[in-house]
Amino acid sequence: MTRRQVQTTTKRRAIRTLESKRAAEAEAGHSSGRFRLMMRLGDWQPAGEVLFRRSWPSRLDLKQEIMDELAGLLAARGWVTPEDRSWLVLCLDEAITNAMLHGNEGDPRLEIDVAIACDGRKWQIAISDRGDGFTMASVPDPDDPDSLLLEHGRGIRLMRAWLGSLTYWRRGATVVLSRRCAGVT
Amino acid sequence: MAQPSGHLIIQNYDRIVLVSIAKDRLLDPPVITAISTELMSLLDRHAKPSIVLDMAQVAYLSSAMVGKIIALYKGVAAAKGRMAIAGVRADLMPLFKITQIDKLIRFYPDAQQVIMEYKRKPL
Numbered sequence: 000m001t002r003r004q005v006q007t008t009t010k011r012r013a014i015r016t017l018e019s020k021r022a023a024e025a026e027a028g029h030s031s032g033r034f035r036l037m038m039r040l041g042d043w044q045p046a047g048e049v050l051f052r053r054s055w056p057s058r059l060d061l062k063q064e065i066m067d068e069l070a071g072l073l074a075a076r077g078w079v080t081p082e083d084r085s086w087l088v089l090c091l092d093e094a095i096t097n098a099m100l101h102g103n104e105g106d107p108r109l110e111i112d113v114a115i116a117c118d119g120r121k122w123q124i125a126i127s128d129r130g131d132g133f134t135m136a137s138v139p140d141p142d143d144p145d146s147l148l149l150e151h152g153r154g155i156r157l158m159r160a161w162l163g164s165l166t167y168w169r170r171g172a173t174v175v176l177s178r179r180c181a182g183v184t
Numbered sequence: 000m001a002q003p004s005g006h007l008i009i010q011n012y013d014r015i016v017l018v019s020i021a022k023d024r025l026l027d028p029p030v031i032t033a034i035s036t037e038l039m040s041l042l043d044r045h046a047k048p049s050i051v052l053d054m055a056q057v058a059y060l061s062s063a064m065v066g067k068i069i070a071l072y073k074g075v076a077a078a079k080g081r082m083a084i085a086g087v088r089a090d091l092m093p094l095f096k097i098t099q100i101d102k103l104i105r106f107y108p109d110a111q112q113v114i115m116e117y118k119r120k121p122l
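So the protein lines, in turn, are chains P and W.
Sequential numbering from 0 applies to the first sequence in numbering that gives the first Met the number 0.
Sequential numbering from 0 applies to the second sequence in numbering that gives the first Met the number 0.
Careful: at least some of the hints might be erroneous.
To be verified - Quick list of in silico lysine-lysine cross-link-like pairs, BS3-like style, CA-CA up to 30 Å: (1) P:Lys62 / W:Lys118; (2) W:Lys73 / W:Lys96; (3) P:Lys62 / W:Lys96; (4) P:Lys62 / P:Lys121; (5) P:Lys121 / W:Lys96; (6) P:Lys62 / W:Lys22; (7) W:Lys47 / W:Lys118.
FYI, nobody ran anything at the bench for these hints, they're computed from the structure.
With the rest of the complex left out, here is chain P (with noise of 0.2 Å):
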């Protein structure tokens, strides 16, 4: 079996398992959505309070309603200045564009997981999808003077330039978008 196989089956088996667990959610009238959803975004440590949770399917004529709502709320909080949207809605394309493309592969049926915290000096977005990861080793390296014409892989480099950090966690599959809050020294 190819390595694509064993990620669609991968893929296959969690939406099944996806399902299956609505389906018994329905019946038993209740849900355990934050539980799962903070499963699903792995080990990562929330700085502070988590304000803001929910899901998406990934669809990418969602993506700007998605980006809408996070940059609004982060502006609406003062955590990121009007000057600095640019950069905000840059990160959150970059970031949402490679969670439903390449974590889900685009597949609508598969959701991608959106948190937002803050501790009052820094907030964190943490943005998760169902796939198998990426290792840095198949990013082109952004120093190489040879990447310089290539035209692809700059994404990270140009979220790393404006946030205060960018890592990943569950080998790559959810990426946590974190800077200091607008006014703050």
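Please build the complex by placing chain W on the supplied structure of chain P, with the hints as guidance.
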């Protein structure tokens, strides 16, 4: 020939092609693909092209769009043409510096300046 994407305004000044991006968000893959297809089709229509990419209206862009700009640059270079980018907003300029695109392509404050320079120095 590629169908017009509706996201570009293309004007010709002698042998200079001014391409104005008429969209503020270059984030969605279908939009990026459509724009890239139309940009690359310019290479089929113009030998040794002089292309000015006016990005004054662009407020948001993704690394995928940066990749497409690189693809256009490579096509222009292969055709022994030249290319410049004009009108990039101040808050987006760091994006081109971080990715070192500014080492490959010359940036100008506005398109008119490039057109005048290209007219003074025809290929």
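Evaluation of the provided hints:
no., hint, result
1, P:Lys62 / W:Lys118, "violated (42 Å)"
2, W:Lys73 / W:Lys96, "holds (18 Å)"
3, P:Lys62 / W:Lys96, "holds (26 Å)"
4, P:Lys62 / P:Lys121, "holds (24 Å)"
5, P:Lys121 / W:Lys96, "holds (26 Å)"
6, P:Lys62 / W:Lys22, "holds (17 Å)"
7, W:Lys47 / W:Lys118, "holds (14 Å)"
When each numbered hint is compared with the structure, a violation occurs for hint 1 only.
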